[in-house]
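As they're listed, the protein sequences go chains A and B. Sequential numbering of the first sequence, starting at 7, is according to the working numbering. Sequential numbering of the second sequence, starting at 21, is according to the working numbering.
Among these hints, one or two may not hold up.
[As the list claims (entries may be wrong)] DSS-like cross-link-like pairs, simulated, lysine-lysine; straight-line CA separation at most 30 Å:
hint: 1; chain 1: A; residue 1: Lys175; chain 2: A; residue 2: Lys70
hint: 2; chain 1: A; residue 1: Lys70; chain 2: B; residue 2: Lys109
hint: 3; chain 1: A; residue 1: Lys97; chain 2: B; residue 2: Lys50
hint: 4; chain 1: B; residue 1: Lys79; chain 2: A; residue 2: Lys70
hint: 5; chain 1: A; residue 1: Lys97; chain 2: A; residue 2: Lys175
hint: 6; chain 1: B; residue 1: Lys79; chain 2: A; residue 2: Lys175
hint: 7; chain 1: B; residue 1: Lys50; chain 2: A; residue 2: Lys175
hint: 8; chain 1: A; residue 1: Lys58; chain 2: A; residue 2: Lys70
hint: 9; chain 1: A; residue 1: Lys58; chain 2: B; residue 2: Lys79
hint: 10; chain 1: A; residue 1: Lys175; chain 2: B; residue 2: Lys72
hint: 11; chain 1: A; residue 1: Lys97; chain 2: B; residue 2: Lys79
hint: 12; chain 1: B; residue 1: Lys72; chain 2: A; residue 2: Lys58
hint: 13; chain 1: B; residue 1: Lys108; chain 2: A; residue 2: Lys58
Quick caveat, the hints were computed from the structure, so don't treat them as lab data.
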Amino acid sequence: MKGSLIILAFFVIGIIAGIYELLPLQLLQNDYSLYALYLLMFLVGIGIGSNKNALNLIKEVNLKILLVPFSVIIGTYIGVSAFFLIQDNLKISDLLAIGSGFGYYSLSSILISEIAGDTLGVIALLSNITREIITLLLTPVFVRYFGKLAPIASGGATAMDTTLPVITKYIGSDYAIISVFSGVVLTILVPILIELIYFVSNL
Amino acid sequence: MITVLLLMSFGIFIGWIFHAREKFLTLTGKLTNWAIYLLLFLLGLSVGTNDKILSNFDKIGWQAISLTVFAVIGSILMAWLTYNLFFKKR
Numbered sequence: 007m008k009g010s011l012i013i014l015a016f017f018v019i020g021i022i023a024g025i026y027e028l029l030p031l032q033l034l035q036n037d038y039s040l041y042a043l044y045l046l047m048f049l050v051g052i053g054i055g056s057n058k059n060a061l062n063l064i065k066e067v068n069l070k071i072l073l074v075p076f077s078v079i080i081g082t083y084i085g086v087s088a089f090f091l092i093q094d095n096l097k098i099s100d101l102l103a104i105g106s107g108f109g110y111y112s113l114s115s116i117l118i119s120e121i122a123g124d125t126l127g128v129i130a131l132l133s134n135i136t137r138e139i140i141t142l143l144l145t146p147v148f149v150r151y152f153g154k155l156a157p158i159a160s161g162g163a164t165a166m167d168t169t170l171p172v173i174t175k176y177i178g179s180d181y182a183i184i185s186v187f188s189g190v191v192l193t194i195l196v197p198i199l200i201e202l203i204y205f206v207s208n209l
Numbered sequence: 021m022i023t024v025l026l027l028m029s030f031g032i033f034i035g036w037i038f039h040a041r042e043k044f045l046t047l048t049g050k051l052t053n054w055a056i057y058l059l060l061f062l063l064g065l066s067v068g069t070n071d072k073i074l075s076n077f078d079k080i081g082w083q084a085i086s087l088t089v090f091a092v093i094g095s096i097l098m099a100w101l102t103y104n105l106f107f108k109k110r
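Chain B with its partners taken away, still in its complex shape (with noise of 0.2 Å):
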């Protein structure tokens, strides 16, 4: 998969010798719109014929959202610790 950071690190120096043409940008902007929606049916597509995935719904759906609470609960803590240490007016 390494195929993937070298596309997209070339995509990036694209986009920096391109960055002043507004048509292109526009162009690509839609176009990544549109890459991320077929994608994003296409794993549901897969989803959609995975019994394994149907059954377990739910609680699937619990552990994302217990991972994410706690995911966010501990970069706010970081955060707020870097807030203090490095930001914080006093």
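Chain A extracted, bound-state conformation (with noise of 0.2 Å):
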């Protein structure tokens, strides 16, 4: 939570320097934040290659297991079509990449913002910050009435850092282990599938 507080910092005071022209506008006009950008990717992949829950859980893969990050994806992908159905501002594509980012929200806003701009970048932060929020706040509640792997669910890319202390307490530390493995799966997915969905859907 406290992670999260102090990236909203920095979002705001960007805005505010943004509002009141804090500094040079040149700093928009080049494109430093693509070259951010590919630092972050590689230094998320050196995050994800030396994790060492990540390497042992590979080996504790079966079919079932996999079950769970795949429910995630397919349940966020229905959940986000239904609300597709009921608005009339945003496309299908743009839904779907938001949806992909699974909590994720500090890559994913950042990946749909170079890709499809700024206004959908910030959809992208504010959808997947609630999603952390709501995790954090109603895991309980998921638990008693939809199962031990509701709040993995709900929490997505999430679950295996952020939000797992909170999933831990209400499922048992068995299913902590299958938290973190769904977390890892939806975490390495996240740019894959935001690329993968934009990609199709400019063919």
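From the two separate chains plus the hints, produce the assembled complex.
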């Protein structure tokens, strides 16, 4: 939670600096953010590759555990498609891409704003932060009514780190392994699915 | 944007090779945080200079929240199904 607040603070400070033109606007005309994004992706890769949990988990994979991230993806896309039907502003590709953040708001918002523009980047940021907050607040309710996999699904990519403590508390440490696994798989898939959705929609 | 995926794959490879180097990993962890801070700051900066986003912020916020509610409900129902079919001990 503290991490999210710091990130949000940087976003808000950026907005304020933008509104009051506290910085030379040249900063925006140059494409610094693209290079920073490249650096970030490389670093995120290192984080995933060096994750000991991830390495150990690959050895324990069975077909059943793979069903969990798969359900999260399918369920998210079904929900997002339902939302598409009741609104008329956003394209289905944009909605699916935002949904594919699975709570990983920093990466998804940055990536989507590069590909599809700042407005969608902001929606991706707010949407995926909301996903993390909902999971932190409602995990006990989800477990009670929808079983032990529910908070893992709600947490999405965050089920491996930021929402893991609260999830573990309510589903027990045997299911915590599944939570980490699902989170790791979804984290890796976030950029891949976002790129794929925009690639397909541009065909 | 395929560059993004290639860079991530390359990073995974590097991370896998150096996964025992604690100092290197602490450093990349810190750098990751600062790269995120910088990028979110830059996103904020372009939002702050974008009147279209600023004047629609409430609308954008509501869209984001309702989209998430649908995404979460969908994934929870799917997880509930998977749990009952494959995980729950009878």
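Results for each hint:
For the suggested pair Lys175 of chain A and Lys70 of chain A, the alpha carbons sit about 22 Å apart, so the restraint of at most 30 Å is met. For the proposed pair Lys70 of chain A and Lys109 of chain B, the alpha carbon gap of about 14 Å is at most 30 Å, so the pair holds. For the suggested pair Lys97 of chain A and Lys50 of chain B, the alpha carbons sit about 36 Å apart, so the restraint of at most 30 Å is broken. With a C-alpha separation of about 40 Å, the suggested pairing of Lys79 of chain B with Lys70 of chain A is violated against the 30 Å cut-off.
The suggested pairing of Lys97 of chain A with Lys175 of chain A is violated, with an alpha-carbon distance near 38 Å, which exceeds 30 Å. Between the alpha carbons of Lys79 of chain B and Lys175 of chain A the distance comes to roughly 36 Å, so the proposed pair goes past 30 Å and is violated. Restraint check for Lys50 of chain B and Lys175 of chain A: satisfied, since their Cα atoms lie roughly 28 Å apart, inside the 30 Å limit. A threshold of 30 Å between alpha carbons decides the hint, and for Lys58 of chain A with Lys70 of chain A the separation of about 21 Å falls inside it, so the pair holds.
For the suggested pair Lys58 of chain A and Lys79 of chain B, the alpha carbons sit about 42 Å apart, so the restraint of at most 30 Å is broken. A distance of roughly 43 Å separates the Cα atoms of Lys175 of chain A and Lys72 of chain B; the hinted pair therefore is violated under the 30 Å criterion. For the suggested pair Lys97 of chain A and Lys79 of chain B, the alpha carbons sit about 16 Å apart, so the restraint of at most 30 Å is met. For the proposed pair Lys72 of chain B and Lys58 of chain A, the alpha carbon gap of about 44 Å is over 30 Å, so the pair is violated.
In summary, the hint linking Lys108 of chain B to Lys58 of chain A is supported, as the alpha carbons are separated by about 28 Å, within the 30 Å threshold.
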